[in-house]
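Which chain is which? The protein sequence lines are U and Z, in order. Under this note's numbering, the residue at position 15 of the first sequence is numbered 18, and the numbers go up by one with no gaps. Under this note's numbering, the residue at position 207 of the second sequence is numbered 202, and the numbers go up by one with no gaps.
Just to be clear, a hint being listed does not mean it is correct.
Capping the alpha-carbon separation at 27 angstroms, the derived lysine-lysine pairs in DSS-like fashion look like this [to be verified]:
1) Z:K133 x Z:K75
2) U:K150 x U:K161
3) U:K100 x U:K89
4) U:K91 x U:K101
5) Z:K75 x U:K49
6) Z:K71 x U:K49
To list a few chain Z residues with every Cβ distance to chain U over 12 angstroms, as calculated [to be verified]:
7) L201
8) L213
9) L220
Not the full set, but computed from the structure, chain Z residues with beta-carbon under 8 angstroms of chain U [to be verified]:
10) V30
11) G40
12) T113
Hints listed in this document are in silico derivations from the structure and should not be mistaken for laboratory results. We put the beta carbon where it would ideally sit given N, CA and C, even for glycine.
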Amino acid sequence: MPQIAQLAETWSSQIFWLLVFFGITFFFIGRLMVPRVMETVALRDKQIGDDLAAAQAARDAADEREEAWRARENENRAAAQALIAKAKSDAALANEKKLAEAQARLDARLSEAEQRIAASRDEAMGEIQTVAAEAAQDIVQRLAGIKVTKPTANKAVKEAMIHG
Amino acid sequence: MHQFTIEPLAGTENWELAGFNIAFTNSALWMLITVVVLGIFVAGGMRRQVVPGRWQMMVESFTGFIDDMLEANIGKAGRKYVPYVFSLFMFILFANVLGLLPLGVVGLHPFTFTSHFTVTGILAVISFTIVLAVGFWKHGFHFFSLFVPHGTPWPMIPIIAPIELISFMVRPFSLALRLFVAMMAGHVLLEVLSSFVISGGNAGPLYGVAIGIPSMVLMIAICALELLVAGIQAYVFALLTSLYINDAENLH
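Take the sequences, apply the hints, and build the full model.
And the structure:
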């Protein structure tokens, strides 16, 4: 076994060269190069983390904006609904008013017409009475030869007309 | 066993530093190759693109793997050990895998330096030293309370504490021996099986078919297993190191 057989003559050289080359490995590769490699990894991880955070923030902002839009939309819708309702009620009110006005006008005309009718009827009645009184005076004069005065005739006619 | 032999390269066997021999051996050469290949691999992951390519993705998955392991075992404080544990894991992993490469086909001799306990021992000692340093630096002498598990009844302390101390002191040995034994055993097994194929073939056509083919099939399967072991042993070394650092960092 050369490891033991050659121990006495080679141990110092083995130790020396191992320290030299492992020292090179440690100081140049381990201390200089590895931290840079790991720095790159950390940088990449950080960038990925940042990108993810930015994406998350953007998503949150989008959500927020959507929420705001939704609120505004709801508001607008409510406003529109209110406008429509107001217009409806306004229209209904105006209609009612117009209808009432028309009704009033119609009523007025109706009552005016009724009055007119009543007046013409009264007038006609009066005329009939007069005519009937004159006729009665005439009839009485011709039949009985009695001259009846106009008020008496009138009275009699009136009584007859009332009692039918 | 020739594959584990350390040979000084290009007349460097007499190089010395403060009286100690520091010959540039095939073991040192494969450490150099490991460092270069690992450096190229990690450098390919430093393009710093936001959308990573395949190579960058691969390197990042390794650093992420170590980072996750340390965070799971130690917590947030574990991040500062990423450079060390990453270096340890990748160095061992690349050494194991490079040592398994079938370069013998083109005449090169791969050398798995993690199959030498001098190497795994030093790595274990470094890990253990870090554990001790972190433990004493963070907790001072309170670190010794590691040897008294939480909730131990006081009459048991004189018995439990030495057991805990021994299990603590055994850690670097188990760490070093596990890797060394796993790598060495795997390579020896492959060598034994391949020698069956060659010896069977040399002994005649009948032996070649009866012994060589099953051995070859088994060897292919064990090659896959060895690749797995190469990864697992590197992982176990890194994982245990992180667990030991957790003991020092968090003290139960």
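Do the hints match the structure? See the list:
This hinted pair checks out: K133 (chain Z) and K75 (chain Z) have alpha carbons roughly 14 angstroms apart, not beyond 27 angstroms. Among the hinted pairs, K150 (chain U) with K161 (chain U) is consistent with the structure: their alpha-carbon atoms are about 18 angstroms apart, no more than 27 angstroms. With a C-alpha separation of about 16 angstroms, the suggested pair K100 (chain U) and K89 (chain U) falls inside the 27 angstroms cut-off, and the hint holds. A distance of roughly 15 angstroms separates the Cα atoms of K91 (chain U) and K101 (chain U); the hinted pair therefore holds under the 27 angstroms criterion.
Under the criterion of a C-alpha separation no larger than 27 angstroms, the hint pairing K75 (chain Z) with K49 (chain U) is consistent with the structure, at around 20 angstroms. For the suggested pair K71 (chain Z) and K49 (chain U), the alpha carbons sit about 18 angstroms apart, so the restraint of at most 27 angstroms is met. Distance check for L201 (chain Z) against chain U: the nearest CB is about 34 angstroms away, which clears 12 angstroms, and the non-interface claim stands. A cut-off of 12 angstroms between C-beta atoms confirms that L213 (chain Z) is not in contact with chain U; the least separation is 24 angstroms.
Under the 12 angstroms C-beta cut-off, the non-interface status given to L220 (chain Z) relative to chain U holds; the minimum distance is some 22 angstroms. At its closest, the beta carbon of V30 (chain Z) sits 5 angstroms from a beta carbon of chain U; the interface hint therefore holds under the 8 angstroms criterion. Evaluation of the G40 (chain Z) hint against chain U yields a held restraint, the C-beta minimum of about 5 angstroms falling below 8 angstroms. With its C-beta approaching chain U no nearer than about 4 angstroms, T113 (chain Z) sits inside the 8 angstroms limit, and its interface hint holds.
Comparing the model with each earlier hint shows no violations; every hint is respected.
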